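J.: Sequence:
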Amino acid sequence: MNKLPIPIDKIVANKAFALSDVDQVHLEWYEVHKRRLTRNTINGKAILMQLDQGAEWHHGDGLFHQEALQAILVVKPSLTIRFNPTDLVQLADFGYFIGNRHLPIFNVTDAESLRLPYDGRLYEQVLAKYGTSIQLEEALLLSEDLIRLQAKNKKNPDLKGVDGHISLGEQVRKDN
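If you're matching positions, the sequence shown starts at 1 in full-length UniProt numbering and goes up one per residue.
I should point out that these hints are in silico values taken from the structure, not numbers from a laboratory.
On a predicted model such as this, the values are computed, not experimentally measured, just so you know.
Think of the CB as a built atom: it goes at the ideal place given N, C-alpha and C, for glycine as much as any other residue.
Some hints here could point you the wrong way.
To be verified - Listed below are the simulated BS3-like cross-link pairs for lysine-lysine, each with C-alpha atoms no more than 25 Å apart in a straight line:
{"hint": "1", "residue 1": "34", "residue 2": "3"}
{"hint": "2", "residue 1": "129", "residue 2": "76"}
{"hint": "3", "residue 1": "34", "residue 2": "45"}
{"hint": "4", "residue 1": "76", "residue 2": "45"}
{"hint": "5", "residue 1": "76", "residue 2": "10"}
{"hint": "6", "residue 1": "45", "residue 2": "10"}
{"hint": "7", "residue 1": "34", "residue 2": "76"}
{"hint": "8", "residue 1": "34", "residue 2": "10"}
What the hints assert, rightly or not - Label-pair distances were calculated between CB atoms; the ranges are:
{"hint": "9", "residue 1": "74", "residue 2": "136", "range": "18 to 24 Å"}
{"hint": "10", "residue 1": "65", "residue 2": "120", "range": "21 to 27 Å"}
{"hint": "11", "residue 1": "65", "residue 2": "124", "range": "42 to 48 Å"}
{"hint": "12", "residue 1": "119", "residue 2": "92", "range": "19 to 25 Å"}
{"hint": "13", "residue 1": "79", "residue 2": "112", "range": "17 to 23 Å"}
{"hint": "14", "residue 1": "128", "residue 2": "65", "range": "48 to 54 Å"}
{"hint": "15", "residue 1": "14", "residue 2": "112", "range": "28 to 34 Å"}
{"hint": "16", "residue 1": "125", "residue 2": "148", "range": "18 to 24 Å"}
{"hint": "17", "residue 1": "135", "residue 2": "54", "range": "31 to 37 Å"}
{"hint": "18", "residue 1": "131", "residue 2": "18", "range": "21 to 27 Å"}
{"hint": "19", "residue 1": "12", "residue 2": "113", "range": "29 to 35 Å"}
{"hint": "20", "residue 1": "112", "residue 2": "148", "range": "35 to 41 Å"}
{"hint": "21", "residue 1": "136", "residue 2": "5", "range": "46 to 52 Å"}
Use the sequences and the hints to build the structure in full.
T.: Here it is as structure tokens:
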């Protein structure tokens, strides 16, 4: 007999949950914009997750059903291409080279580097062009590290963010 998935009725954006004490739901980095997902937790519990139009999932979100924490959302690490530019000229050249591929570029917060999702052909090309400035590594690709969103946030300081993120559904301009 198949059980119906537990519908999530409340999402709490809180990264203070202890991952070891609570069941987890895993997502890939590119699934954070999906509005409706049915996933099994690590312990096998089926969960139905829904978002409002334009909102997104965040690493560490607490998923609740009838005020009881069911699971924590975890974005899985993935293979990435890390670019460590030697100077601004190399950084500009890399941006121009990557620009037409329409790949998301992520900022590495602890260093002056960039990350891209792994692509085999692209990796071969950038490795040949930039040599030791390129590395492969497993990393979390989080939407709050997207350069496009960070630039938009700096350009429009009036945008309201939720817990340090700007989700698409939360972009509201302040009235002057």
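J.: Under the criterion that the straight-line Cα-Cα distance not exceed 25 Å, is the pair residue 34, residue 45 satisfied?
T.: Holds, at about 20 Å.
J.: For the pair we were handed, residue 76 and residue 45, check the Cα-Cα distance against 25 Å.
T.: This hinted pair holds, its Cα atoms lying about 18 Å apart.
J.: I want to verify a distance hint. Is the separation of the beta carbons of residue 14 and residue 112 within 28 to 34 Å?
T.: At roughly 30 Å between Cβ atoms, residue 112 and residue 14 fall inside 28 to 34 Å, so the hint holds.
J.: What's the verdict on residue 34 and residue 76, does the C-alpha distance respect the 25 Å limit or exceed it?
T.: 15 Å, holds
J.: Given the range 48 to 54 Å, decide if the beta-carbon distance of residue 128 to residue 65 lies inside it.
T.: 51 Å, holds
J.: Assuming the hint says 21 to 27 Å, is it satisfied by the Cβ distance from residue 65 to residue 120 or not?
T.: 40 Å, violated
J.: Is the distance from the Cβ of residue 136 to the Cβ of residue 5 consistent with 46 to 52 Å?
T.: Since residue 136 and residue 5 have Cβ atoms about 36 Å apart, the given range 46 to 52 Å is violated.
J.: Between residue 34 and residue 10, is the straight-line Cα distance small enough, at 25 Å or below?
T.: Status holds; Cα separation ~17 Å.
J.: So if I understand the rule, the pair passes when the alpha-carbon distance is 25 Å or less; does residue 76 with residue 10 pass?
T.: 22 Å, holds
J.: For the pair residue 12 and residue 113, does the Cβ-Cβ distance stay inside 29 to 35 Å?
T.: 32 Å, holds
J.: Measure nothing beyond the straight line between the CA atoms of residue 45 and residue 10; if it is 25 Å or shorter, mark the hint as holding.
T.: 17 Å, holds
J.: Between residue 34 and residue 3, is the straight-line Cα distance small enough, at 25 Å or below?
T.: 23 Å, holds
In this structure, the hints that do not hold are numbers 2, 10, 18, 20 and 21, in rising order.
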